[in-house]
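**Q** Spelled out from the first residue to the last, the chains are:
There are 2 protein chains.
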Amino acid sequence: MTSSRRLGIDVGGTKCMAVVLDPGGAVIAEQRRQTPKSSGAIIEAVAELAGALQPWDSIGVGMPGLVTRTGVLRAAPNLVGIEDLAVGKLLGDRLACVVHVDSDATCAAGAEWKVGAARGVDDFVMVTLGTGIGGGVVVGGALVRGANGFAGEIGHMVVDPDGPPCPCGRRGCWERYASGSGLVWLANTFRDGRGVVRAAELAGGDPAAVRGQHVADAAREGDSDALEVVGEYGRWVALGLVNLTNVLDPEMFVLGGGLAQDAELFLTPIREWFGQLLYAPELRPHPVIAFAQLGERAGAIGAALLAEVH
Amino acid sequence: MTSSRRLGIDVGGTKCMAVVLDPGGAVIAEQRRQTPKSSGAIIEAVAELAGALQPWDSIGVGMPGLVTRTGVLRAAPNLVGIEDLAVGKLLGDRLACVVHVDSDATCAAGAEWKVGAARGVDDFVMVTLGTGIGGGVVVGGALVRGANGFAGEIGHMVVDPDGPPCPCGRRGCWERYASGSGLVWLANTFRDGRGVVRAAELAGGDPAAVRGQHVADAAREGDSDALEVVGEYGRWVALGLVNLTNVLDPEMFVLGGGLAQDAELFLTPIREWFGQLLYAPELRPHPVIAFAQLGERAGAIGAALLAEVH
Chain A
1 MTSSRRLGID
11 VGGTKCMAVV
21 LDPGGAVIAE
31 QRRQTPKSSG
41 AIIEAVAELA
51 GALQPWDSIG
61 VGMPGLVTRT
71 GVLRAAPNLV
81 GIEDLAVGKL
91 LGDRLACVVH
101 VDSDATCAAG
111 AEWKVGAARG
121 VDDFVMVTLG
131 TGIGGGVVVG
141 GALVRGANGF
151 AGEIGHMVVD
161 PDGPPCPCGR
171 RGCWERYASG
181 SGLVWLANTF
191 RDGRGVVRAA
201 ELAGGDPAAV
211 RGQHVADAAR
221 EGDSDALEVV
231 GEYGRWVALG
241 LVNLTNVLDP
251 EMFVLGGGLA
261 QDAELFLTPI
271 REWFGQLLYA
281 PELRPHPVIA
291 FAQLGERAGA
301 IGAALLAEVH
Chain B
1001 MTSSRRLGID
1011 VGGTKCMAVV
1021 LDPGGAVIAE
1031 QRRQTPKSSG
1041 AIIEAVAELA
1051 GALQPWDSIG
1061 VGMPGLVTRT
1071 GVLRAAPNLV
1081 GIEDLAVGKL
1091 LGDRLACVVH
1101 VDSDATCAAG
1111 AEWKVGAARG
1121 VDDFVMVTLG
1131 TGIGGGVVVG
1141 GALVRGANGF
1151 AGEIGHMVVD
1161 PDGPPCPCGR
1171 RGCWERYASG
1181 SGLVWLANTF
1191 RDGRGVVRAA
1201 ELAGGDPAAV
1211 RGQHVADAAR
1221 EGDSDALEVV
1231 GEYGRWVALG
1241 LVNLTNVLDP
1251 EMFVLGGGLA
1261 QDAELFLTPI
1271 REWFGQLLYA
1281 PELRPHPVIA
1291 FAQLGERAGA
1301 IGAALLAEVH
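As they're listed, the protein sequences go chains A and B. According to this note's numbering, the residues represented by the first sequence are 1 to 310, in order. According to this note's numbering, the residues represented by the second sequence are 1001 to 1310, in order.
Hints should not be assumed to be uniformly reliable.
Unchecked claim - Chain A regions said to be covered by chain B (calculated; three or more residues, Cβ under 8 Å): (1) 139–149; (2) 281–294.
Unchecked claim - Distance windows between CB atoms, simulated: (3) Ile-28/A / Cys-1097/B: 50 to 58 Å; (4) Pro-1167/B / Pro-164/A: 51 to 59 Å; (5) Ser-1004/B / Asp-122/A: 27 to 35 Å; (6) Ala-41/A / Gly-1140/B: 56 to 64 Å; (7) Glu-228/A / Pro-1281/B: 33 to 41 Å; (8) Asp-122/A / Asp-1122/B: 17 to 25 Å.
Unchecked claim - If you want a taste of the chain A side facing chain B, the calculated C-beta under 10 Å gives, among others: (9) Val-27; (10) Ile-28; (11) Thr-68; (12) Arg-74; (13) Asn-78; (14) Val-80; (15) Ile-82; (16) Val-158; (17) Gly-172; (18) Ser-181; (19) Trp-185; (20) Trp-236; (21) Val-242; (22) Asn-246; (23) Val-309.
Think of the hints as simulated: they come from the structure by calculation, not from any bench. Here the structure is a predicted model, which means the values were calculated and not measured. For glycine and all other residues, C-beta sits at the position ideal for the given N, C-alpha and C.
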């Protein structure tokens, strides 16, 4: 049963975004505010957004971290000092209704599945290439949460046990190479640390200021070093997608994150390396690899849809 | 609805095993024969086993390789020259009934799920540590086949892109390190190729004759080199289990293969490394890691259960 007006709130490390969806899935209201620093203030901020956007018939909330199946935020790398926050229970008591809670990555996957790039696809993986890598997994027409609700932490698949250290405490996690930050790391360590000179120029001359966008811009200009880094980045992205394919054999990958602005630049090497790294590539159609469609609103839209996709 | 007598046939690289299950899942008849070399002879052999074990009410067949969702064996590393064999259709025509076909690893997972180590567990991964590594994935109470039927090829997850070459054509596949063959490789390359001397002694003095069992025997005797290799092997097994946990967050892993004879020897380092390599290990109960219960009959029992778990 589709609720008539569905409210979704995506709590991010810096801002909260709230949307109201009509029965067809279109955004009919939207509001943003900064994310406060303390647990109590975050709950209060979400409740205020919910009040400001009334009326609504259902509510879902996406949180940036590990969320249990009972709606508890266990840990959140981008919300300092916040742990074991019973988001579902606290908001449910406050608003006197059922509040669906899941991780932002799971919400984004649900959104792309229901109203975005993966509409009608019942086996796909959403891969968000940002500071780290977030994931959402849909298998057989259902979002996979896992025993504890922690499925989809695909950025911490280890792809090189002797690789660079990850803030998580291990080495060689996929997100060290294949996230947006990984692209910058590959650029800065290029040719034994000489880096991609043109990217540094575009960053105002400061190598420490290089972002993914500068590397992409340099590559689009035709800079050969930047193109080489983009190719190497494509290899690392593809390697993780191949690993996921070996486990799940999905129909599609949806890539989210800022790189979507330069989709073709990145998709070409990703698809090429995917074919080279896949097991038995000649025996199957390859999964579709495409960028997400919903941009920064994916999390909030997915939160609004949680009541349905739960 | 449970069929009264269910026939399952597991076609292996060297032998075929057939079992008949009673309604409770107990094996009430069993027959074996060698696996012939040609496609036509394999179909004939399976049909003969089916004839010899009559009466039965349903039939399932497990094949050693990549099986499509429509029962076609696309490729089989251990059946030379056999490809694109329409097992389901050919046997269905021959026997005039529906014949369920899936990969041997998926069958083994179904068997351990329904009548073995993972009874009642709806989210688990079966990992068979043999010459390679086979996998079967159960998510939310359903076997995961994937878009092409190729889900569960977990042995070809790349865990070190600069690692040793794999017969599949890539480098550093998980099964290079963590299969039964991987254990032997770790032993033979130990200390720059000096190898585990005691294991070679147990193999009759010939380092080329060392098998996993010799390494395990040496470790159980207390040989420090063998124990070090078993520890290193445990690290590689754990690394892949951690990667799978980051994707799926399962309740349990069931390990199959010959190592089950020395379960505790291997489980201790695997569990220890699992805790060290897992993302956010302190925030969740760890999945149960246990060895399989059905031994070499798992594939045939699972084939017999395909009609139900499909």
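**Q** Could you run down the list of hints and mark each one as holding or not?
**A** Checked hints:
1. 139–149: Contact hint for the region 139–149 of chain A vs chain B: holds, 9 residues under 8 Å.
2. 281–294: holds (count 4)
3. Ile-28/A / Cys-1097/B: 50 to 58 Å: For Cys-1097/B against Ile-28/A, whose Cβ atoms are near 55 Å apart, the range 50 to 58 Å holds.
4. Pro-1167/B / Pro-164/A: 51 to 59 Å: 30 Å, violated
5. Ser-1004/B / Asp-122/A: 27 to 35 Å: 34 Å, holds
6. Ala-41/A / Gly-1140/B: 56 to 64 Å: 36 Å, violated
7. Glu-228/A / Pro-1281/B: 33 to 41 Å: 37 Å, holds
8. Asp-122/A / Asp-1122/B: 17 to 25 Å: 19 Å, holds
9. Val-27: 30 Å, violated
10. Ile-28: Constraint on Ile-28/A not satisfied, violated at 33 Å.
11. Thr-68: With a minimum Cβ separation of about 9 Å from chain B (threshold 10 Å), the hint on Thr-68/A holds.
12. Arg-74: Result: holds, 5 Å to nearest chain B Cβ.
13. Asn-78: Since the shortest Cβ distance to chain B is 14 Å, the answer is violated.
14. Val-80: Hint violated; Val-80/A Cβ to chain B Cβ min 16 Å, cut 10 Å.
15. Ile-82: 13 Å, violated
16. Val-158: OK, holds: Val-158/A within 10 Å of chain B, min 6 Å.
17. Gly-172: Nearest chain B Cβ about 8 Å off; hint holds.
18. Ser-181: The hint is violated - Ser-181/A has no Cβ within 10 Å of chain B, the shortest such distance being about 17 Å.
19. Trp-185: 16 Å, violated
20. Trp-236: 8 Å, holds
21. Val-242: The hint holds - Val-242/A has a Cβ within 10 Å of chain B, the shortest such distance being about 7 Å.
22. Asn-246: Holds, about 4 Å.
23. Val-309: 13 Å, violated
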